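*Asks:* Sequence:
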Amino acid sequence: MNSQVTLAAEGSCQPSLVVDSENGITTVLDQRGRPVVRLLVSAADTESPRRGGQVSPHLGPLPAGWEERNTSTGRSYFVNHKTKVTTWEDPRLPHNGDPCSSFDRKLEYIRSQPTMRLQWGTCEILVRRSHLFEDACSEIMTKSPLELKHQLVVRFEGEDNSRSGSPSCTKELFVLLARELFSPVRQLFKPSLYNEHVLQINPTPNASSDHIQRNYAFVGRCMALSILHAHPFGVHFIPSYYKKFLKQKATLSDLGWVDAQLHNELVALKKSTIGGTPSKHFTISDEPGSSRIVELKPGGSDISVVEESKDQYIGLAIRHRLYKQVQEQLDVLIPAFFALIPANLVVMLHEHELEALMSGETS
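Read in order, the letters of the sequence shown are residues 1006 to 1368 in the working numbering.
Because the hints were derived from the structure by calculation, they are not lab data. Don't take each hint at face value.
[To be verified] Pairs of lysine-lysine residues, derived as DSSO-like cross-links and limited to a Cα-Cα distance of at most 27 Å, are as follows:
1) 1329 - 1315
2) 1249 - 1195
3) 1254 - 1302
4) 1248 - 1302
In this text, all values refer to a predicted model and were calculated from it rather than measured experimentally.
Build the full structure now, drawing on both the sequences and the hints.
*Replies:* In structure tokens form, the structure reads like this:
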């Protein structure tokens, strides 16, 4: 029998594909070698590949080393020539139910993209230890995103030239930046309600717009650089911020990180049935503990919350409490991050996966 066999890599969770070119039968075997799918396929189907690098308008090119082929019925399957794995699963998509591949495959795909690769050449960063925040901000914010994707050469002014510009200097800069950016003294961030190691943006209502624009754009760039240059900050934020990056809706559980009292009130409201004369309107305190009341929608002080509208009220209350006080900061930080790491690569992640990518805890 004239057969072509593609074996799965040892330890792989992926199926292997056996093509019987004489009988025109393709058999997909599970990881124990048991047949799980058989398809009629012509030999020509196995010899007319579409090479990795072909672009889908929605998914982008296949990762390096991957190849897409079609059966006689037009169904696509994918071959990884590096690991000798053949699979029905598109490597550009999340792989639900496959614990050994989903997040790792997403990371592999993200890191394989040209926009995530460091470019030839160097980018010099000169800072004084005594003015590290100011100098680093000036150096990083005056360079283009393309320049910052070159190999960083960090020099500390007035220090030993034999060490200056070495990889250890670059690593040290990111360690020092993490201390500066997220220090309580800097007042850009503050601990969350439930965990002092999980941070939220400090609203700082008295901060000038210029202060916010400069500092949070700097934070966004530094967060992206820490990923690109593989020196993660090891910092965690409240879940709603990751959802903001991913344009996902925040939930009641996210609110608990910021305002426990409002969280409990909204949970009770959601569980209850509103009957009789409504006692609540589309208003909320401007911030936790404040006596100042603001409307959640135009004319909200005259609009009662009834059973049919309580879900809308809850959603508006969540968004106001989580984002209203820090909207200006997020509107600066997030675009600064995406200027270096394209948004279309990040949206495939879940919020906990984005947290792992940003913190460096990807194992």
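*Asks:* Taking the hints in turn, state whether each one holds.
*Replies:* Going down the list of hints, with the structure as the test:
{"no.": "1", "hint": "1329 - 1315", "in the structure": "holds, 20 Å"}
{"no.": "2", "hint": "1249 - 1195", "in the structure": "holds, 18 Å"}
{"no.": "3", "hint": "1254 - 1302", "in the structure": "holds, 18 Å"}
{"no.": "4", "hint": "1248 - 1302", "in the structure": "holds, 23 Å"}
The structure is consistent with each of the numbered hints, conforming to all of them.
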